[in-house]
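S.K.: Going down the list, the protein sequences come from chains A, B and C. Sequence positions in the first sequence follow the numbering used here and run 1 to 412. Sequence positions in the second sequence follow the numbering used here and run 1 to 295. Sequence positions in the third sequence follow the numbering used here and run 1 to 273.
Mixed in with the good hints, there may be bad ones.
[To be verified] When the alpha-carbon atoms are kept at most 16 Å apart in a straight line, the in silico EDC-like pairs for lysine to aspartate or glutamate are as follows:
| id | chain 1 | residue 1 | chain 2 | residue 2 |
| --- | --- | --- | --- | --- |
| 1 | A | K42 | C | E162 |
| 2 | C | K180 | C | E162 |
| 3 | B | K237 | A | D67 |
| 4 | B | K237 | A | D65 |
| 5 | A | K360 | A | D347 |
In short, the hints are calculated from the structure, not lab data.
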Amino acid sequence: MRGLIAYVLVAGGLATVLSGCGGGGGLTVINLYNAPQENLSKIVERCNELAEGRYRIALNTLPRDADGQREQMVRRLAASDPGMDVLGIDVTWTAELASANWILPWPDDLREQAEKGVLKAPLETATYEDELYAAPYNTNVQLLWYRTDLMPEPAETWNDLIKTAGRLADEGEPHYVEVTGAQYEGLVVWFNSMIASAGGSILNDAGDRVELGKPAVTAMRQIRDFATSAAANPSLSNTQEDTARLAMESGAAFAQLNWPFVFASMVGNRPDLAENFAWAPYPGIDGPGKAPLGGANFAISAYSEHPTEAFDAALCLRDDESQLMAAVNDGLPPTIESVYADPAMADPYPMRDAILEAIKTAAPRPVTPVYQNVSTVTSALLSPPRGIDPAGDERRLAEQLKDALESRGVLP
Amino acid sequence: MTGSGDVKAAERRLGLWLCAPAAIFMVLVAGWPILYSIWLSFNRYDLRFPQDQQWVGLENYLTVLTNEFWWTAFGITVLITVVSVSIELVLGMGLAIVMHRTLVGRGLIRTVVLIPYGIVTVVAAFGWFYAWTPGTGWLAALLPDGSAPLTEQWPAILIIIGAEVWKTTPFMALLLLAGLALVPDELSRAAAMDGAGRWKRFVKITLPLMRPAIAVALLFRTLDAFRIYDNIFILTKGAQNTGSVSIITYTNLVSGLNLGIGSTMSVLIFITVAIIAFIFVKVFKTGTPGTEGRR
Amino acid sequence: MTRSRIQWGVLDFVVVAFALIPVLWLVSLSLKTPATIADGGFIPTEWTFDNYVNVFTEGGFLRPLVNSIGIAGLATLIAIVLGTFAAYAIARLNFPGRSIMLGAALLVAMFPQVSLVTPLFNIERALGLFNTWPGLILPYVTFALPLTIYTMSTFFREIPWELEKAAKMDGASSFQAFRKVIVPLAAPGVVTAAVLAFIQSWNDFLFAISLTSSERSRTAPAAISYFTGSSQFEDPTGSVSAAAVIVTIPIVIFVLIFQRRIVSGLTAGAVKG
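So here's chain A without its partners, still in its complex pose (with noise of 0.2 Å):
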């Protein structure tokens, strides 16, 4: 009983002290909401100087998966919480957020700042409607990683990499090419690059009615031939990124699709592999194919109360010294072209260049306020990818999808 006692009264004493603390006094606070990047604050103590107390930045972390971001800053920005200020945003939710504005476009002046040496496609992700709604922060391209022990030259085609796998099953050695196919973004990913080298796209360019068709089907089909070629790994309707770069790494795949994050990872797990591991171009249909394009954008809240200051903090956050220092740190490749060629940059990146390419003719995702309703439906669709019925299924998903631009319907 005694013991019972003590306990409510230290519990009791320990929430009210740990509840009552709080930010310093006097400045300004600019509330940065981001997913989390190990190295982060670095970029954030730097701006911070700059600032020379104008402001001074928080650095609040979001949920690791990106469904989890969007869920905890859609729910607060629905409520106009005004306790946010600048958002790391993924490129797929420009569009959302800006036509609910939620998010401030940005003024012209500012807008040049944030545009200045930017590159064309990145840049796109962060406009909507001709309006400027986020500064370019990172970016992300897909490149097909192989073994050259066991590749000597890399497939330029999707049946290529088949035909490969084919070979090498022959002879005993590992044969899977590992693809993010699981039920998940990534299968969205991966269909919006093939439909893109078929050279078609899922949505028009506005973003309001469905286009599919005849690329769609080739693109179909073309998945669905190599999910159950030798090519396939059993578990491909599992994997993610990181499983893909397990698997590679665990030497069972001699190619995978995959960001470039897994050149660091293969170095330092497996220096032994990592010999042999080389980069090229994202496969196409016919020939060089259009590789994926992800990223994230600072954005900042229309319920912000202090917008100048988080303009000029986002601003610092992305410029080219805290590029740099994410590009180097973090592995998150920068937005702006110069800093490519930055000496720093020689060495955790070799594949620069085959990044600025890829970048050059990627193929973005579809620009709509839904997409979030676009991919749900298209990544239930084509799951399990090895049970693809490509002219079937090419109609069912148009069906869909027409219900999910107008937000009607259950989505899967």
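Put chains B and C on the given structure of chain A with help from the hints.
M.R.: Below, chains B and C without anything else, positioned relative to chain A:
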């Protein structure tokens, strides 16, 4: 001298006063959210476009109830619920008996058995995910080469059921143990002296006396099982038609920001669960404690 | 006698294996180095304690742990106190609204929590409770109450209340009768309800992730989803497994402390009839 009427009135007042704090708590915290959810289900409401919100009556219900995705999820949920709860009842009873009667290491057993229940669900699910992933996992290594159970519908469902059973059998065992302990030893001993075997004693004496405890355990476990989410989300994310009604609700409500459809699904889940509870209470006469009269 | 002991010993072993093997797998994952984490073996070939260190240094796991212990503990305490009153009334007294009470408790327990999160979030934000300890304690108590009320009332119903009268006739005062006769009989039910309520609150993920935004009130399960690997795509398997092991330890302690009460209470409660 007080009349019996006064005593009854005092009892009524006392009863109401004792229940009041708990009742107030539940009404204040859960009351408005529940009512708001129900109201939302009659509206077309996309969180991104609050100005487009409008009353549509039962249209959302029609949309959901005629949709194949909903019924697939519903069927999977019912299957997982029935199978896992049945297994848990049997295993839980066995576990409760061991916890109650073992002659060796009783304290150890009782502590160890609660560990699966105490582990954070998503983290345990994570362990199962890695255990069944070919290459990474020790369980996957026991299967023939080239099989990836989590990528196919039925093997994945079996794995999900396995993860559920492992996690919540201790819960059943605990509730059953409380009931088991109230079965008087003398009855069993008397029956044994009359020549009844162990199994017969169990079935004819122990089980009937444990009926209230079994019923409560089944009720709460079924209510929870029907709303399964964490295990499925980590193991398959609902891919390949392994999603439950909770998963599809989450997808529509939180990912799709479709408050109307999402709330409709919530209400439908609630109605289903209420029907299950109703069946338990009316048909199996589950302990609505006190309805069988005071002792 | 020895043969029974051996039989029980074997059964015990099976039970312990069933309960612990998946946990040991998590321990094994938490001790593996990043290079060997995908090697598929149950026992690590290369060991490291780095994951445990990282969890506290880079993951900042200490504060969430404290939050979890405090919030779950306080929520359980409140739920038990309020639940005991209600359970006693339901089990022993006749009053109007008894069925309504039970019905309301069931309603709260049955309504899908996912759709309650956003309205709760809006209310808490308006009241300034977002990202605070009470902000989580209130929902936890609310959702633990049905469980505690049902568990305890079922238990209380089985208690032979006449024993109290008998003790009083033997000369004990009301309070003595209550303390020496009723309390030991009720204790197992209360303890069982407390264990269930604590584990339910400890385990919660949905409210923890939605109603908190910083270390101030984020609990351990939610904090685990903030761990990061060395890049945005790498799963921090080692850290998550280490955190899983750490987060289980308070549960083990909690159960160790209370299981003896269950033992003594249950064996005493079998004296009946």
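S.K.: Are there hints from earlier that the structure breaks, and if so, what are their numbers?
M.R.: Going through the list in order, the structure violates hints 1 and 5 and respects the others.
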